[in-house]
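Quick mapping for you: the protein sequence lines, in order, are chains A and B. Just so we're aligned, residue 1 is where the first sequence starts under UniProt numbering, counting upward by one. Just so we're aligned, residue 1 is where the second sequence starts under UniProt numbering, counting upward by one.
Check the hints yourself; a few may be wrong.
Put simply, identical chains are the same to the list, so a pair is met inside one copy or across any two.
Listed below are the simulated DMTMM-like cross-link pairs for lysine to aspartate or glutamate, each with C-alpha atoms no more than 20 Å apart in a straight line [what the hints assert, rightly or not]:
1. K96 with D79
2. K50 with D131
3. K50 with E27
4. K3 with D98
5. K3 with E107
6. K96 with E107
7. K3 with D80
8. K140 with D23
9. K50 with E87
10. K3 with D90
11. K50 with E107
12. K143 with E107
13. K50 with D129
14. K3 with D144
15. K143 with D131
Please keep in mind that the hints were generated in silico from the structure rather than gathered at the bench. Being a predicted model, the structure only gives us computed values, none of them experimental.
There are 2 protein chains.
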Amino acid sequence: MPKVDLEAIAQSNATGYPPHLADIVQERWYRRLSPALGLTDFGASHVVLKPGAWSAQRHWHENEDELLVILSGQAVLVDDSGRTLLEPGDIAAFPKNDGNAHCVINEGDADCVFLVVGQSVNGPCHYPDVDMHENGAGDKCRKDGSAF
Amino acid sequence: MPKVDLEAIAQSNATGYPPHLADIVQERWYRRLSPALGLTDFGASHVVLKPGAWSAQRHWHENEDELLVILSGQAVLVDDSGRTLLEPGDIAAFPKNDGNAHCVINEGDADCVFLVVGQSVNGPCHYPDVDMHENGAGDKCRKDGSAF
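Kindly produce the complete structure, drawing on both the sequences and the hints.
Take a look at the structure:
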């Protein structure tokens, strides 16, 4: 039956960030929908941001379009243009390679739930605010290429 | 700014269905987000189903994964397994080529708003309940291949 039973899909707060950059995503709880549901054309995740949690370090992708829709709660979108409140039903789009680093932060008292769609494949990812880079092969390193 | 201004994106109720199959989608008002927002990895649409409207004739795609999330209102998902109520935050997934024809119908008194993600490319689409077929090149015809 196509209605998704979210409870049946494992939820994780795992991150590839090094410990000193990972505090902000410790309460980002996500479910990877596409592998669980047999979808291969795109990657979709259901994400619960607990109060105080960030979706990610502020970043932009060279090779991956992203689309996000808020399902419940609120989050502040932070990007090069400033801060923008997102509420249920609000959509944000991040075209690949636009150089506009972004993240969303739950600054409220309730959970923020959103759905995010991207590609299943990885690619280089840039983090302007912190000394981290993702080369697209899955491993994160310092901007000079050295390992954490 | 990545927050999407929906009002700035054209809304349409256009359909490629022949007139005798199109009544049910006349009050399906959609915005094609991906071309408006510069996204090319996947196709995303914001859809308002007025009371009584269907998302489509019941169908399944050979080459296109679909994912839908309800943003407000309610809809009944109809597929080979029966009828399932969808409410805000509910997600439904339709893997390509699974042969499970589906649609959602707004049987309520309020608008139903959803976001749906698929591919930007077309492909064959099957409609088990009506004499229509989509060969993937954009033109719909009868099941015997004849034109409407």
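How the hints compare with the structure:
no.	hint	result
1	K96 with D79	within (14 Å within a copy, 35 Å between copies)
2	K50 with D131	neither (25 Å within a copy, 49 Å between copies)
3	K50 with E27	within (5 Å within a copy, 37 Å between copies)
4	K3 with D98	between (34 Å within a copy, 14 Å between copies)
5	K3 with E107	between (31 Å within a copy, 17 Å between copies)
6	K96 with E107	neither (26 Å within a copy, 38 Å between copies)
7	K3 with D80	between (37 Å within a copy, 12 Å between copies)
8	K140 with D23	within (16 Å within a copy, 53 Å between copies)
9	K50 with E87	within (15 Å within a copy, 22 Å between copies)
10	K3 with D90	between (22 Å within a copy, 7 Å between copies)
11	K50 with E107	within (9 Å within a copy, 34 Å between copies)
12	K143 with E107	neither (29 Å within a copy, 54 Å between copies)
13	K50 with D129	neither (22 Å within a copy, 44 Å between copies)
14	K3 with D144	neither (46 Å within a copy, 33 Å between copies)
15	K143 with D131	within (6 Å within a copy, 59 Å between copies)
In summary, the numbered hints that this structure violates are 2, 6, 12, 13, 14.
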